[in-house]
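Starting from two chains that each stand alone, build the complex the way the hints lay out.
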Amino acid sequence: MTRSIGPATLAPPRKSPGVVRQIVNQRADYLYVLPALIVMLVVIAYPIWFTIDMSFYKTPASLQLRDRSFVGLKNYATILSAPAFWAVTWNTMIWTLASTCFAFLIGLGAALALHREFAGRGVMRALLLIPYVVSAVAASYVWKWLYHSDFGVFGALSVQLGFTDKPINFLDNLYTVLPSLIVVNIWREFSFAMIMLMAGLQTVPEQLLRAAQVDGANAWQRFWHITMPHLKGVSMVTILLLMVANFNSFVVPWIMTGGGPAGASDIWITHIYQIAFGRQNWGLASAYSVILFVVMMALGYFYVKALTRGDEGRAG
Amino acid sequence: MKKKTNMQIAAKVVTLSVSAALAMAPVAVLAQEAIDLSKWSPAYVKAIAGTAKFDTVGDCNKVVSTDHAGRVTYWYTGPADSDPEISRKVDAEFWLAFKAAYPNIAVDAQNIVYNDLLDKFRVALLGNAGPMVVRLQILGGVEFGAKGYLQELKPEDVGYTSADFWPGAMKSVTYGGATYGIPTNNETMAFIYNAKIFADAGLDPETAPATWDDVVVASKTIHDKLGIAGYGMVAKQNAGNTPFRFMPQLWAYGGSALDENAAAPTYKTIGLNSPGSKAALQASYDMYVRDQSVPVSALTNTQGENQAPFIAGQLAMMIAHPSEYAKMVDLASKATGADKAVADEVVANMRYGLMPSGPDRRAVVFGGSNIHLVKGEYVDGGQDDMAARALICMWTSPEWSTKLAWVGSNPGNLKGFQTEWMKERLDTIKFLDVTTSMLPNGIPFPVIPEAPEIMNIIIPDMLQNALTGKMTVDEAAEDAAKKVEALLSGL
Numbered sequence: 169m170t171r172s173i174g175p176a177t178l179a180p181p182r183k184s185p186g187v188v189r190q191i192v193n194q195r196a197d198y199l200y201v202l203p204a205l206i207v208m209l210v211v212i213a214y215p216i217w218f219t220i221d222m223s224f225y226k227t228p229a230s231l232q233l234r235d236r237s238f239v240g241l242k243n244y245a246t247i248l249s250a251p252a253f254w255a256v257t258w259n260t261m262i263w264t265l266a267s268t269c270f271a272f273l274i275g276l277g278a279a280l281a282l283h284r285e286f287a288g289r290g291v292m293r294a295l296l297l298i299p300y301v302v303s304a305v306a307a308s309y310v311w312k313w314l315y316h317s318d319f320g321v322f323g324a325l326s327v328q329l330g331f332t333d334k335p336i337n338f339l340d341n342l343y344t345v346l347p348s349l350i351v352v353n354i355w356r357e358f359s360f361a362m363i364m365l366m367a368g369l370q371t372v373p374e375q376l377l378r379a380a381q382v383d384g385a386n387a388w389q390r391f392w393h394i395t396m397p398h399l400k401g402v403s404m405v406t407i408l409l410l411m412v413a414n415f416n417s418f419v420v421p422w423i424m425t426g427g428g429p430a431g432a433s434d435i436w437i438t439h440i441y442q443i444a445f446g447r448q449n450w451g452l453a454s455a456y457s458v459i460l461f462v463v464m465m466a467l468g469y470f471y472v473k474a475l476t477r478g479d480e481g482r483a484g
Numbered sequence: 164m165k166k167k168t169n170m171q172i173a174a175k176v177v178t179l180s181v182s183a184a185l186a187m188a189p190v191a192v193l194a195q196e197a198i199d200l201s202k203w204s205p206a207y208v209k210a211i212a213g214t215a216k217f218d219t220v221g222d223c224n225k226v227v228s229t230d231h232a233g234r235v236t237y238w239y240t241g242p243a244d245s246d247p248e249i250s251r252k253v254d255a256e257f258w259l260a261f262k263a264a265y266p267n268i269a270v271d272a273q274n275i276v277y278n279d280l281l282d283k284f285r286v287a288l289l290g291n292a293g294p295m296v297v298r299l300q301i302l303g304g305v306e307f308g309a310k311g312y313l314q315e316l317k318p319e320d321v322g323y324t325s326a327d328f329w330p331g332a333m334k335s336v337t338y339g340g341a342t343y344g345i346p347t348n349n350e351t352m353a354f355i356y357n358a359k360i361f362a363d364a365g366l367d368p369e370t371a372p373a374t375w376d377d378v379v380v381a382s383k384t385i386h387d388k389l390g391i392a393g394y395g396m397v398a399k400q401n402a403g404n405t406p407f408r409f410m411p412q413l414w415a416y417g418g419s420a421l422d423e424n425a426a427a428p429t430y431k432t433i434g435l436n437s438p439g440s441k442a443a444l445q446a447s448y449d450m451y452v453r454d455q456s457v458p459v460s461a462l463t464n465t466q467g468e469n470q471a472p473f474i475a476g477q478l479a480m481m482i483a484h485p486s487e488y489a490k491m492v493d494l495a496s497k498a499t500g501a502d503k504a505v506a507d508e509v510v511a512n513m514r515y516g517l518m519p520s521g522p523d524r525r526a527v528v529f530g531g532s533n534i535h536l537v538k539g540e541y542v543d544g545g546q547d548d549m550a551a552r553a554l555i556c557m558w559t560s561p562e563w564s565t566k567l568a569w570v571g572s573n574p575g576n577l578k579g580f581q582t583e584w585m586k587e588r589l590d591t592i593k594f595l596d597v598t599t600s601m602l603p604n605g606i607p608f609p610v611i612p613e614a615p616e617i618m619n620i621i622i623p624d625m626l627q628n629a630l631t632g633k634m635t636v637d638e639a640a641e642d643a644a645k646k647v648e649a650l651l652s653g654l
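Quick note, the sequences are listed as chains A and B, same order.
For the first sequence, my numbering begins at 169 and goes up steadily by one.
For the second sequence, my numbering begins at 164 and goes up steadily by one.
Heads up, a few of these hints could be off.
Said to hold, decoys possible - Below, a sample of chain A positions facing chain B; criterion: calculated Cβ distance under 7 Å:
no.: 1; residue: 230
no.: 2; residue: 232
no.: 3; residue: 318
no.: 4; residue: 427
no.: 5; residue: 444
no.: 6; residue: 446
To be verified - Below 25 Å or equal to it, Euclidean Cα-Cα: the simulated BS3-like pairs (lysine-lysine) are:
no.: 7; chain 1: B; residue 1: 431; chain 2: B; residue 2: 252
no.: 8; chain 1: A; residue 1: 242; chain 2: B; residue 2: 497
no.: 9; chain 1: B; residue 1: 431; chain 2: A; residue 2: 226
no.: 10; chain 1: A; residue 1: 312; chain 2: B; residue 2: 497
What the hints contain is simulated information worked out from the structure, not anything from laboratory work.
Backbone N, C-alpha and C fix where the C-beta goes; we use that ideal spot for every residue, glycine too.
In isolation and in its complexed conformation, chain B is listed as follows (with noise of 0.2 Å):
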């Protein structure tokens, strides 16, 4: 017989624990009161904040047997060095929460960085060397779950409903009828403003522009009187960061790329040369050519220039995420002499509004996370369906999806924000709340494989021709229209 190592003692010990934890477990159980997304706002995000309480292991005990002995690989873009430290204890306290309930399931993770993720898993992909489960940025799950590569995989299948997530995150896993993932983590950004330039321009530095059209003034207000740069625009080729922040002022205007804004989108009408689409170029045509009250530089700039500036106090509103806060506070702590002083006076005057409505709606591009299983033909070694859905409930669950969104989102499942750590979030981060309420403002993108080219070259292109004068903003609009068209019909 072999001699018992301390870790599988330690295991065995931590198995009896949990199987005791699991046998009183449902005294612990608080009754939970289902969540109502129409009644959505700062306010009600904070009284269900703490309102009731999850058994997880006992929960996903139902979904895959605590005994169950088998192995996972995992593949994910977890916290980085340069991400608070919060985000790397969070991290590792799920793993070793994991093995404590799951003692026999070997987990192999990779923390991949998220620029390599995806072309690391294509290529994976082509060698059947995959992971048994991988979680990808929204839009990324659709092109391999077009491809075949994914199980179907929806939120019943490790014990939640589809309606303990967002309708929108549900949207994002589902292509041609099926479910390919659930979702772990969404966000929404904010619209993010200096109240001290908003108040030395005569503006009202505690309300954030109502509208888009509120932007543009806005903006050419504080570049007339002020001489710095209004609004951050951000226009780059070839960069996500492009139409997360034009597609809000877009949807707002009435336009679309496709028909991703619509209830049950088809994803067969063209949009971008919608009267609404136009407007929207118009409008930021008017900040960069007439009113020239945006950063020249915004046709080369991603969001990242736009930090800079904003510490310096020469910007005065840009679109970010809700870790924005937590950015510039560290950008001040870095600074010294005259520009800490600067510096601390922007993040004093820093406020978050919720994103600019238009004649149409209120919209802001719905973000987050999702979590997909890989076919057993493409997996290296082949799946251990049990070994990943037990990953997955876990990941998934109230708790785990809520403590591993701690800085930069929020949790996928919406009994998330009834724990006690959305409570805890809540006190301690900083205009979270502001945040969290646009999510019911949340559009996914389109939910098709084509939809990275149409968000991240067509859109960007089309804004750099109308922006540059190469083409008029009717042009550029009609131009990326056919482009779209053209990629939809095969050509």
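With the rest of the complex left out, here is chain A (with noise of 0.2 Å):
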């Protein structure tokens, strides 16, 4: 039996509706995400869009916001040139930086420590979330009596131990202030890496450690052939949302030392607050906070493509 080919089977392909066809198309579908849009464009696309837009202009103390003259990028030439904002930019890289990979690399030792089964494991797991869900204000005021540099708690430890005659100067020193400063950050942050690789933990397949073990892999082979490979997912989105928490910053350094001594502990989000709410200079301030954006923006893109690398050719 024999078909006949009809003229529909040989037309050429359809050309694809285009964008106002397809709304139009699936316009129900369209007016159910249509709230969730628009609170999304007014609570975070309007915001973006009025710090670019400020960071044009030049907005004195003593002017109204309306009175305000554009400056082009006058204040994005202003930071550029300023010694500050690469002290600041210094700053925060080292913060984002040590914060980042320590509370990572402790919070993976505390994962890998948590998963074997020993007593006492649920009350260990919950001791070690303490710092993650107490409030970082609280635990930032806490920290400030630890350090102080009179009265503190590791000043007297340390004079009554014999290891220094005097107490440790911790956040009113300009070289000791950030490290100290980074310690809490850590403190504070480990727990939710803990809490992201032990979940990571669980998909590492039990069959293959113990066939690894069988074929006579000794325990580090094992965990750097098997385990991280496993876990190399959720390793990148925890780091990922560290560098972004870390980037951003702020209950920490501002409670504890309001960036100094002399700028020390200064890092962007707290320079960016001091110029908005101490200086009352908007403009300079949106500049500042489209410069982070985009720094921001372009680390998450990078970061994403590396997640991602590999997916489309697994997907074709």
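Rendered as structure tokens:
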């Protein structure tokens, strides 16, 4: 039996409908997401647009915002030519990289330790979660008193144990303040990494580890060649989230030192806050925020790119 | 016809009572003598207290008739839960008295915490949703006056004269030649010390250091002999506490931020790199770096962090508000065991002295609050000028400016010092005579919109740059002067 081939079968493929046509065709779907879309436009898109717009204006303390004057890229030029910008950027990089690396590594160690069965594991897990659930503000005040240069617990201990003859100056010294704050930040964040990695460890196939052990692989080899590859995805996400959180850190440095002494613990966010709310210079603060926004977006782009590398190949 | 509610009937009765009182008022007012600021001293403050009576409602009736019907909205920082009971009681009494005097004016008053008021007011003005009347801390109003949000308002507009207020306070509400508010209350800080620590260190326990040089020496002596901190230096970044304690020192040595210490300041010249300013900075450097006689934590301390070591007998001297004594009594009452004995001993040995003088003068920051009238276009629902003026008249009257400043400040209206309530305050609040006697030495911060940045950021930065060794004293002063110059030139 022969089948006739009709004209419809031979016709060239239809052009895919345009965006407008697609929206019209699927208008019910768009109506369902419209409320969420409007909310996102109001609370995310508008502030971003407003900040970018404001960054091109001069807003002196003596003028209303409506009397601001357009200065083009001058705010950006002012920022990039200011020595303070580079000092603050350097502090931010040290803060972000050190906090992220150590929080991740300590979190990984804690997750591996808690992955094994042992008596009191539940209690230990609960204890290690405390830093993550304690309010950042409360923790900052507690750490401020622990570090206090005159009456702090650490200082008193170091004197009583004979390590030093007077309390160690943690927060009122140009060189010790940033490392001291980073320790607090790591203490706060490692629990988060631990939770994420503990979840990731559940996905490592037990049979694979046993098979490797039977084949003679030692503990390090099993960890490096089996556990770590399985943790790659969750590790990338954890590091990304930690980096974003650390770039945007405010509470710990602001409460503990206010960016001092002499700017030694000033990072981008505390610096922007001071320019905006301390100096009432909204234009300059907006330009700073836009620079930070671009850096964060670039970081996010490359990170997601790295995260999804190979996915397209697998999908194909 | 609508049926009258009990509240309306009560209001009518109060109105009739007030009207009757108004008719009899003139006989109740005593003759008042003008206050002579040149005679100001603890003895003079005590001598004039209780010498005059004022008819508040009668005086305000001359400005705004008590029959006036309208509405007023008011934002201010009033008493908080943690404040003494008397503050809340007086605040409640004021609103009852205002209701009794002006029964037809509806009041919407919002008590907003100190740290939120400025930001909330800024945001509300952007949306044309401000209150009709606002009371702001002494330096708060200039920003809004400069931006054109405030109506011109002077004491004469509500029945008083500018001479009824401290010249320094009037300076704080004057911007570009126009007056934008009326002082409600004014205070200066005082020098507080622990007499027992002084005695233990071999210093005169009954005399506060007379000069800032004496403070440097006393601080070193106390630290060297007793191993505790002498002077409670405060040098934190981004903190208003820092300039309130450093500027008196700067002015005493002959320095200045701009020319705010001049009789007629222009705010055009920069004084942070003057020899006087450098000498003051050097004195701080000597205490912090050379002698190490002040808390190491001074760079991260606000005054709040000085209270604990002071009540524990580990700090000998500090600069604080008149209300600090009440705070120490409160802390001592909460202490237990051995700490309680130490705290009680500190309270018993707490002394107030005049702020130390310097080669140039004795000086202190002139603090307080001012009341302002917002322009109608920025007010939610528009301005009711008469209702607003009635409120301002009552609030700034000799009677209420005294009562409303009961614990932490002093009446903005100088005639308040002549009232019976001032006499009662002097009889019941310890050291009030010392702190009030400092008022003539008060210097307000520069009355320009850039002042918060100069005072809260540039000056603390200057101190930190010198005290951390990041810069020399000379470099830190020159760096600060350059920053002020850039700021004023609009860069």
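Status of the hints after comparison with the structure:
{"no.": "1", "hint": "230", "in the structure": "holds, 4 Å"}
{"no.": "2", "hint": "232", "in the structure": "holds, 5 Å"}
{"no.": "3", "hint": "318", "in the structure": "holds, 5 Å"}
{"no.": "4", "hint": "427", "in the structure": "holds, 6 Å"}
{"no.": "5", "hint": "444", "in the structure": "violated, 11 Å"}
{"no.": "6", "hint": "446", "in the structure": "holds, 5 Å"}
{"no.": "7", "hint": "B:431 x B:252", "in the structure": "violated, 45 Å"}
{"no.": "8", "hint": "A:242 x B:497", "in the structure": "violated, 55 Å"}
{"no.": "9", "hint": "B:431 x A:226", "in the structure": "holds, 22 Å"}
{"no.": "10", "hint": "A:312 x B:497", "in the structure": "holds, 23 Å"}
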